[in-house]
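These are the residues of each chain, in order.
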Amino acid sequence: MTEVFVSRPLLLVVVPLVLAVVIAVLGRRIRVLPPLLALASAVLTIATGGMALARIHSIGPALHEVGGWMTSALAYPVVMHPWFLASEQSLRLAGALDTLSAIMLLVVGLVAASVVVFSMGYMRDDSGWVRYFALLAAFVGSMNMLVLASSLTTLFIGWELVGACSFLLIGFWYEKPVAVSAAIKAFLTTRVGDVAMLLGIAILVVTTGTDTYEGVVSSIKGMDPGLVNAAAVCLAIGALGKSAQFPLHGWLPDAMEGPTPVSALIHAATMVAAGVYLVARLWPIFDAAPAARAVLLGAGLVSALGAALIATAQRDIKKVLAYSTISQLGFMFVALGVGAWAAAFFHLVTHAAFKALLFLASGSVIHGSGTQDLYSMGGLRRQMPATFAVWVVGVLALAGIGPLAGFFSKDAVLEAVWHTSPLAGMALFAATLLTAVYAARTTRLAFFGELTEHSHAHESPATMLAPLFVLAVPAVVLGFASGIFAESLAAHAEPLSIPISVAATLLALLGAALGWRAAATGTGAVFARIPRVSETLIAAFHWDAFVATALVRPVTSTCRILWAWADRFVIDGAVEGSGRVTRGIAAAVARLQSGDAQAYAAGIVAVVALMMAALILMGR
Amino acid sequence: MSVLILSATLFALGLYGVLTRRDFVGVLASIEVLIGAPLLLLVGLGAAFGGGAGIEAVGLLVIVLAAAEAAVGLALVVAVAGRTRTTRVEELTEVRG
Numbered sequence: 000m001t002e003v004f005v006s007r008p009l010l011l012v013v014v015p016l017v018l019a020v021v022i023a024v025l026g027r028r029i030r031v032l033p034p035l036l037a038l039a040s041a042v043l044t045i046a047t048g049g050m051a052l053a054r055i056h057s058i059g060p061a062l063h064e065v066g067g068w069m070t071s072a073l074a075y076p077v078v079m080h081p082w083f084l085a086s087e088q089s090l091r092l093a094g095a096l097d098t099l100s101a102i103m104l105l106v107v108g109l110v111a112a113s114v115v116v117f118s119m120g121y122m123r124d125d126s127g128w129v130r131y132f133a134l135l136a137a138f139v140g141s142m143n144m145l146v147l148a149s150s151l152t153t154l155f156i157g158w159e160l161v162g163a164c165s166f167l168l169i170g171f172w173y174e175k176p177v178a179v180s181a182a183i184k185a186f187l188t189t190r191v192g193d194v195a196m197l198l199g200i201a202i203l204v205v206t207t208g209t210d211t212y213e214g215v216v217s218s219i220k221g222m223d224p225g226l227v228n229a230a231a232v233c234l235a236i237g238a239l240g241k242s243a244q245f246p247l248h249g250w251l252p253d254a255m256e257g258p259t260p261v262s263a264l265i266h267a268a269t270m271v272a273a274g275v276y277l278v279a280r281l282w283p284i285f286d287a288a289p290a291a292r293a294v295l296l297g298a299g300l301v302s303a304l305g306a307a308l309i310a311t312a313q314r315d316i317k318k319v320l321a322y323s324t325i326s327q328l329g330f331m332f333v334a335l336g337v338g339a340w341a342a343a344f345f346h347l348v349t350h351a352a353f354k355a356l357l358f359l360a361s362g363s364v365i366h367g368s369g370t371q372d373l374y375s376m377g378g379l380r381r382q383m384p385a386t387f388a389v390w391v392v393g394v395l396a397l398a399g400i401g402p403l404a405g406f407f408s409k410d411a412v413l414e415a416v417w418h419t420s421p422l423a424g425m426a427l428f429a430a431t432l433l434t435a436v437y438a439a440r441t442t443r444l445a446f447f448g449e450l451t452e453h454s455h456a457h458e459s460p461a462t463m464l465a466p467l468f469v470l471a472v473p474a475v476v477l478g479f480a481s482g483i484f485a486e487s488l489a490a491h492a493e494p495l496s497i498p499i500s501v502a503a504t505l506l507a508l509l510g511a512a513l514g515w516r517a518a519a520t521g522t523g524a525v526f527a528r529i530p531r532v533s534e535t536l537i538a539a540f541h542w543d544a545f546v547a548t549a550l551v552r553p554v555t556s557t558c559r560i561l562w563a564w565a566d567r568f569v570i571d572g573a574v575e576g577s578g579r580v581t582r583g584i585a586a587a588v589a590r591l592q593s594g595d596a597q598a599y600a601a602g603i604v605a606v607v608a609l610m611m612a613a614l615i616l617m618g619r
Numbered sequence: 000m001s002v003l004i005l006s007a008t009l010f011a012l013g014l015y016g017v018l019t020r021r022d023f024v025g026v027l028a029s030i031e032v033l034i035g036a037p038l039l040l041l042v043g044l045g046a047a048f049g050g051g052a053g054i055e056a057v058g059l060l061v062i063v064l065a066a067a068e069a070a071v072g073l074a075l076v077v078a079v080a081g082r083t084r085t086t087r088v089e090e091l092t093e094v095r096g
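Residue numbers (numbering that gives the first Met the number 0), protein chains in the order written: chain A, 0 to 619; chain B, 0 to 96.
Derived from the structure by calculation, the hints contain no laboratory data. For each residue, glycine too, the CB sits at the ideal point set by N, CA and C. One or more of the hints may lead you astray.
Coverage of chain B stretches by chain A, computed from C-beta distances (three or more under 8 Å per stretch; other residues unrestricted) [as the list claims (entries may be wrong)]:
id, stretch
1, 13-26
2, 79-92
Quick list of simulated restraints, FRET-style, between CB atoms [stated by the list, open to error]:
id, chain 1, residue 1, chain 2, residue 2, range
3, B, 2, A, 593, 30 to 40 Å
4, A, 573, B, 76, 32 to 42 Å
5, A, 617, B, 50, 34 to 44 Å
6, B, 2, A, 604, 35 to 45 Å
7, B, 15, A, 567, 24 to 34 Å
8, B, 2, A, 591, 35 to 45 Å
Reference excerpt, derived from the structure (chain A facing chain B, CB under 8 Å, subset only) [claimed, not checked]:
id, residue
9, 555
10, 593
11, 595
12, 596
13, 600
14, 601
15, 602
16, 606
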């Protein structure tokens with residue numbers, strides 16, 4: 000049955016979206032229907048991804064070039080649906096299943112399925128039950144569209160749809176003003192990137208005359224390098240916005256106002272990784288655009304280091320994870336910047352596994368302890384042993400301790416970067432150290448130490464624990480798949496270089512020791528001795544304040560001026576003025592209506608006389 | 000020619016009366032004069048150009064019309080006077096804007 004979906008991949012977009020509508024319509028009557036149908040869309044995604052991989056494997060060697068579009072083997076020829084014609088250019092809806100998209104489908108499906116099952120416990124008492132699962136199903140469909148797209152049009156539609164789902168889910172608890180403003184912030188910030196991306200797509204479509212990946216990529220070589228660079232930089236800015244990279248990163252920490260499982264699915268594993276996926280997908284374009292690679296490298300470096308520093312000082316467990324996500328995505332962007340897109344994608348996959356695991360575990364912690372504040376947790380390992388076990392797996396993978404998944408993928412990234420640019424490599428090594436610092440600090444603050452007095456923490460129900468253990472499996476074993484991974488993506492796999500992995504592991508252990516020690520001191524801040532640094536880190540380098548002064552306030556005050564002056568005097572003046580003029584004329588004319596019949600008659604006579612006179616004078 | 004002049008004079012007198020008389024009855028009487036002017040013109044020109052039954056019929060129709068107008072007009076004057084206790088034209092300015 001899934002064969003149908005493999006050969007017509009866009010069905011994988013339609014079905015979850017239809018299921019979302021079904022959930023919205025019927026969900027109120029049957030309570031188990033919403034999670035069941037949302038789970039069905041996730042399982043369908045997994046099944047199709049698996050079938051596609053099996054089929055690609057059976058048709059032979061992995062490397063294929065489809066009309067110059069550097070991709071791994073396609074499961075089936077690309078199916079195109081003309082969407083609409085605009086002058087001579089046709090915009091097409093097209094989906095293709097190759098190794099890259101099939102692996103991504105597996106990631107999306109697996110995380111989505113875990114999140115749906117987890118949410119059955121986490122959202123049990125929430126009044127938005129139906130809306131929640133409808134949005135999850137809609138998100139799976141949208142994300143599939145983004146993943147499967149093989150034309151820029153399809154990509155952009157999927158790109159915007161996941162953005163919309165993200166907006167709706169961040170603002171899920173719309174009674175909370177913080178959640179609403181976080182949703183708006185996320186929407187507006189990613190909009191900046193999306194506008195740039197639309198511009199990039201427009202440049203490509205106009206210059207190459209087609210919107211299919213195949214067509215665009217095959218005509219890249221003949222294009223003016225300046226235009227290629229411009230288009231690729233625009234696409235890169237779009238990727239930065241979606242993946243919350245500096246300077247468009249401000250929305251992700253605020254997005255933690257949404258439900259925690261949503262953070263796991265959208266803001267850790269899948270949607271925020273879309274930027275990395277986009278660059279890997281359209282690699283030939285970026286290959287030809289050094290400027291865009293520089294943008295990716297720079298933004299990735301700042302994000303990887305800066306966000307890791309900030310994560311060492313946060314006291315909200317979800318904020319730590321959010322900054323950690325920005326930092327890990329930074330690793331991927333640095334890898335993309337130096338051309339190691341396969342390593343970046345590998346890190347994307349392992350990161351999706353262990354970060355979704357960590358987010359869901361933090362959800363379990365929040366559910367069990369009733370707080371998000373690390374400083375009021377402590378000693379939870381006794382009350383929540385199962386959650387503690389999977390958390391440790393996730394944290395070790397995050398810190399890059401072998402032989403867990405993060406070790407292999409982070410080493411692949413570090414190695415690629417080190418060989419291209421030692422300076423960037425050193426920065427990433429520093430970020431590796433910091434990663435271990437905040438990982439150890441958070442773990443100790445939450446799970447070790449003494450119980451807080453009024454702690455009523457309890458272990459979460461089985462529906463919440465089961466997905467955690469499911470996700471723990473890839474977080475442990477995925478690293479060993481690196482060889483298969485690189486091979487099937489037709490990228491050359493380098494064996495792990497011993498010095499780099501040893502150095503990374505030693506740094507991680509050192510960082511862990513530092514973080515562990517810091518968590519024992521009173522405030523638990525790593526730089527507690529230097530209050531200035533500590534404050535700066537807690538305030539996330541005052542980035543939000545900077546954006547507020549540099550951007551938000553000038554814009555709002557301009558708007559206020561426009562409202563107070565232009566709106567009141569120019570626009571209102573015109574509107575009210577037209578009324579006033581009409582009334583003035585009316586008042587003047589009304590005086591003629593004296594009510595005196597004889598005056599009217601005199602008027603009629605006078606006018607008739609005038610008309611006759613005119614007739615006679617004009618000679619008729 | 001004299002008929003023309005007479006008719007025009009009559010019309011002018013009637014019009015003058017309609018525009019200047021200050022009571023309804025006077026205005027009505029002036030209207031009668033006003034209607035008489037075209038009637039005179041009709042009959043006079045009819046006679047000058049040979050006459051005929053058609054002209055006479057139209058002339059009679061106009062006379063009946065004038066009588067009907069006077070009847071309706073006087074009835075209106077009575078009704079207005081009964082309601083407003085006046086027959087002065089300049090005092091009836093209820094519909095002023």
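A quick look at each hint next to the structure:
1. With a cut-off of 8 Å between beta carbons, the stretch 13-26 of chain B has 5 residues touching chain A; three or more are needed, and the interface restraint holds.
2. By the rule of at least three residues with a Cβ nearer than 8 Å to a Cβ of chain A, the coverage given for the stretch 79-92 of chain B holds, with 4 such residues.
3. For the hinted restraint 30 to 40 Å between residue 2(B) and residue 593(A), the CB-CB distance of approximately 38 Å keeps it satisfied.
4. The beta-carbon spacing between residue 573(A) and residue 76(B), approximately 52 Å, falls outside the hinted interval of 32 to 42 Å.
5. The hinted window of 34 to 44 Å between residue 617(A) and residue 50(B) holds, with their beta carbons roughly 36 Å apart.
6. Here the CB-CB span from residue 2(B) to residue 604(A) is close to 23 Å, at odds with the stated 35 to 45 Å.
7. Distance hint check for residue 15(B) and residue 567(A): the Cβ-Cβ separation is about 58 Å, which falls outside the suggested range of 24 to 34 Å.
8. Between residue 2(B) and residue 591(A), the C-beta spacing of about 38 Å keeps the proposed range 35 to 45 Å intact.
9. Because the smallest distance between the Cβ of residue 555(A) and any Cβ of chain B comes to about 49 Å, over 8 Å, the interface hint for this residue is violated.
10. About 6 Å separates the beta-carbon of residue 593(A) from the nearest beta-carbon of chain B, less than 8 Å, and the hint is met.
11. With a least beta-carbon distance of about 6 Å to chain B, the hint placing residue 595(A) at the interface is held under the 8 Å criterion.
12. At a threshold of 8 Å, the smallest CB-CB gap from residue 596(A) to chain B is about 7 Å, leaving the interface hint in force.
13. Against a cut-off of 8 Å between C-beta atoms, the interface hint on residue 600(A) holds, since the closest Cβ of chain B lies about 6 Å away.
14. Here the hint on residue 601(A) is kept, as its CB sits about 5 Å from the closest CB of chain B, short of 8 Å.
15. A cut of 8 Å between beta carbons decides the hint on residue 602(A): the least distance to chain B is about 10 Å, and the hint is violated.
16. This hint is violated: residue 606(A) has a C-beta 14 Å from the nearest C-beta of chain B, more than the 8 Å allowed.
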